[in-house]
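**Student:** Below are the chains, spelled out letter by letter.
Protein chains: 2
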Amino acid sequence: MSDDTPLLAILVQRLSERAVLRDPEDQARYLSDWAGDRLGMPLAVVRPASTAELAEVVNLCGEHGVAMTPQGGHSGLVAGALPASDGSELVISLERLNRVRDIDPVNFTMTVDAGCILETVKQAAAEHDCDFPLALGAQGSCQIGGNIATNAGGLNVLRHGMMRQLVLGLEVVLPDGRVWNGLHALHKDNRGVDLKQLFLGSEGTLGIVSGAVLKLVPKAEQSRTALLGVSSVEAVIDLYVLARRGCSDLLTAFELIPRRCIELAMEATPSLRDPMDDAHPWYVLMEVAATGPVDLGVMLEQLLEQGMEDELILNGVLASSESQSQQLWQFRESMLEGQRLRGEHLRTDISVPISAIPAFVTQATEVVMAASPDCEIIAYGHVGDGNLHFNILPPSTLDDEAKHDHLHALEATLFEVLDGFDGSISAEHGIGRTKQAAYLSRLSPMELELARGIKTLFDPDGLMNAGRILPAR
Amino acid sequence: MSDDTPLLAILVQRLSERAVLRDPEDQARYLSDWAGDRLGMPLAVVRPASTAELAEVVNLCGEHGVAMTPQGGHSGLVAGALPASDGSELVISLERLNRVRDIDPVNFTMTVDAGCILETVKQAAAEHDCDFPLALGAQGSCQIGGNIATNAGGLNVLRHGMMRQLVLGLEVVLPDGRVWNGLHALHKDNRGVDLKQLFLGSEGTLGIVSGAVLKLVPKAEQSRTALLGVSSVEAVIDLYVLARRGCSDLLTAFELIPRRCIELAMEATPSLRDPMDDAHPWYVLMEVAATGPVDLGVMLEQLLEQGMEDELILNGVLASSESQSQQLWQFRESMLEGQRLRGEHLRTDISVPISAIPAFVTQATEVVMAASPDCEIIAYGHVGDGNLHFNILPPSTLDDEAKHDHLHALEATLFEVLDGFDGSISAEHGIGRTKQAAYLSRLSPMELELARGIKTLFDPDGLMNAGRILPAR
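For the record, the sequence lines run as chains A and B. Mapping of the first sequence onto UniProt numbering: residues 1 to 473, in sequence order. Mapping of the second sequence onto UniProt numbering: residues 1 to 473, in sequence order.
Any given hint could be a false lead.
Since the list gives no way to pick out one identical chain from another, each pair is judged satisfied if it fits inside one copy or across any two copies.
As the list claims (entries may be wrong) - Only pairs whose alpha carbons sit at most 20 Å apart, straight line, appear in this in silico SDA-like list of lysine to any residue:
no., residue 1, residue 2
1, Lys219, Ser355
2, Lys122, Gly65
3, Lys215, Arg164
4, Lys122, Arg164
5, Lys215, Leu242
6, Lys215, Gln165
7, Lys219, Asp461
8, Lys219, Asp238
9, Lys215, Asp422
10, Lys215, Arg245
11, Lys122, Asp399
12, Lys215, Val106
13, Lys403, Thr269
It should be emphasised that the hints constitute simulated quantities derived from the structure, not laboratory data.
Model the full structure from these sequences, guided by the hints.
**Tutor:** Here you go:
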């Protein structure tokens, strides 16, 4: 492991001693992701400090036939950026490519290195009264390059779209070490096939993004948050349509939260108190935000009034201050911690058409409960994106291995229900290794052929993040 | 021409007599586009009435080695959908694939055949109080399939994005006649490489789109329009930033119009009167739109007040009724007619970073005027997209051929200036045949290799809209 291969010796010589981590202790933090369920063993971890160094590393790997694992902030959930456990793959960390290259508050764009942390990017934008609107739980550690490779989603998709909608230009090191400069800061560009689209969401299998031009928006000057108690998922969907129509394009969040999540949040954060004096089967956490002269208070009040009149809303809390709003959002964050405290459980990030959410939740709940009467279902998500985290806590009576197998079987059951709604097994997290079998089994032969063809076109030697999304050759 | 080739005989047999147009008179309307500058001569025009028929046509063309020209509403501007003049290409018109398949006002989506006319789609959406936000001059004749193939832009890009942002799913007949069903109605989907992105903007060179799932938005309940007089392009850009910040995401249009265009509009539509009692070098036509309780009047008034205080706005008209608003938009439409009345001129659809618009306009005007002191420059466009139509009316003293050559030379001069700003020679209209030479000369060898590789992967025999974007092999 610490024995130098010819490649490592050359890398140390070309880059520097500190750019190549060979000591297992130094490597540790590059070998697990946020999910924590996998560990790999790399050949080494290399940390280039510029696009030129990155290109040299990729080029050398090609010459030596060494497989590469590009890595951002290791906050992935599908083991896509973790090295295999056989010591064959070189982890290429982008963390030293962390420069904000340029901000243009008139063009509403910024150009950044791929290793910039999302939070850093947001702060740099804020200094110009702008916002980079991608918002994720992991924003303090995830990197822009990873956000691009996985086409990240998060809490603001309803208003501002996914990463694909927020990227205007890319700089990419191709698997053969050539650098593609597509760093155009153009809001509109129709010159032939849009190459950058291929790198968005392909999880580093076609090349390593080294830089990007991102789209900014004016920083919101005001926002209002409400937490609403609702009797059924059907009513939540009716309320969503009302909100889309009543709040123009100023709706920033519309989150579905089941009662059980409110309880999990209070378990995880004992300072949280039940938000209303009565309990409700479902809650909606919604937010509107604006710049300029819009009375968001009136907007939300009118919506709530209408929702109550239509008997969609049973009760509600309208935050009247920034700290009250943060308290409402605390439920959304603490409920994740509450789930984590329960140990291994099934995490999913599926999507269906928004209109199908009620039928899907009903049918999936029935089927899963029939298969495993003692499990607990936690279904929450981003209603406006049709994106649900339909998660399952296993019966606590099972031992670790039995739990794992049980959850795996339940996932297959759940995905079969999903197929009936033409849903997606991965709306956000991607395929990586974890979702590969479920993904491949649903791919048509034609789709597999085209996906393989694109992979081969960009990476004929199959060294770039091999075995993710598609099987290694 | 009317002699049947084996392919035509089979097509008549498999489809029907009326599906195959062999008579030159019947073919006439398929042989010119909106620009009117090219005429082709096809093998025949075939009009399949279903995806299955379309697939059969494509399959048969493959068997007989016949090149195909997919065609929508022939409103293109780069000769991309016109057949070559040697009688070798079969025009495949999508006009009979014109069914609205489904509308889901809860999911805010609709599923349509590719041959649906944009206006029809917008009307169908309106029946459910929704809008399909793409808005183009040609919307009464252009087809959704063409909008997808060319990644259409238009007047609403600032608020709702280009066609790429408005498509959730596609059904495509591949060059080998297989049908790819990617008609998912999912707002979020992260399963591997997003194949549909390749068909968006590739101008029918990778396959023929036969159906699509489109994203809808709630229909705006109110809008306000203003026409503002401004002293310089610099001031227009400052005003744009002010408007982006002062109007939240409710800004729908922000159009730059030079004084000359106001005059051209009044020439074309004599009923139009000068909008203000004084003339200004530049005008901004802006619009805000909303659903729900937002006071757009107050929003615009505050913006205008601030713009006047900052000495950005010299004078302005705020429409106080729908008909007054239409009258302001009439200038935008009539100025196009006014240009057309002037005969052949150079039409461009370039883009630069928004912050570079003033410097670009200054430099391009200087360089063009130095090269051709008697020409007239008409530079207008969508400021929020960085997209300018920097058009040139040639000296009226030149004869037709000299005019043509002169404009061609001026285009090359203009594009060289554009290169200095890392701009795009085609922000909207695409490459087709007309822009091919300028496109190819700016492509890096690596980009050409990748573009060719993708083309070959999808269309190894090179029969699908051959010679558009990339040269035919």
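**Student:** Next step is simple, just say for each hint if it's right about the structure.
**Tutor:** Status of each hint after checking the structure:
Taking the closest pair of Cα atoms, Lys219 and Ser355 come within 20 Å of each other only across two copies (18 Å); inside a single copy the shortest separation is 32 Å, beyond that limit. In this homomeric assembly, Lys122 and Gly65 never come within 20 Å of each other (Cα to Cα): the closest approach is 38 Å inside a single copy and 54 Å across copies. Taking identical chains as interchangeable, the C-alpha atoms of Lys215 and Arg164 lie at most 20 Å apart whether they share a chain (10 Å) or sit on different chains (16 Å). In this assembly of identical chains, Lys122 and Arg164 lie within 20 Å of each other by CA distance solely inside one copy; the values are 17 Å within and 25 Å between copies.
Proximity of Lys215 to Leu242 under the C-alpha cut-off of 20 Å is restricted to the inter-copy arrangement: shortest distance 17 Å between copies versus 29 Å within a copy. Taking the shortest alpha-carbon separations for Lys215 and Gln165, both the intra-copy value of 8 Å and the inter-copy value of 14 Å come in at or below 20 Å. With identical chains, the CA atoms of Lys219 and Asp461 are never at most 20 Å apart, being 45 Å at best within one copy and 51 Å at best between copies. Taking the closest pair of Cα atoms, Lys219 and Asp238 come within 20 Å of each other only across two copies (17 Å); inside a single copy the shortest separation is 30 Å, beyond that limit.
In the homo-oligomer, the alpha carbons of Lys215 and Asp422 lie at most 20 Å apart only across protomers (17 Å), although the nearest pairing inside one protomer, at 31 Å, exceeds that limit. In this homomeric assembly, Lys215 and Arg245 come within 20 Å of each other (Cα to Cα) only across copies, at 15 Å, whereas the closest approach inside a single copy is 26 Å. With identical chains, the CA atoms of Lys122 and Asp399 are never at most 20 Å apart, being 43 Å at best within one copy and 57 Å at best between copies. For a Cα distance limit of 20 Å, the shortest separation of Lys215 from Val106 inside one copy, 11 Å, qualifies, whereas the shortest one across copies, 29 Å, does not.
Taking the closest pair of Cα atoms, Lys403 and Thr269 never come within 20 Å of each other, the shortest separation being 26 Å inside a single copy and 76 Å across copies.
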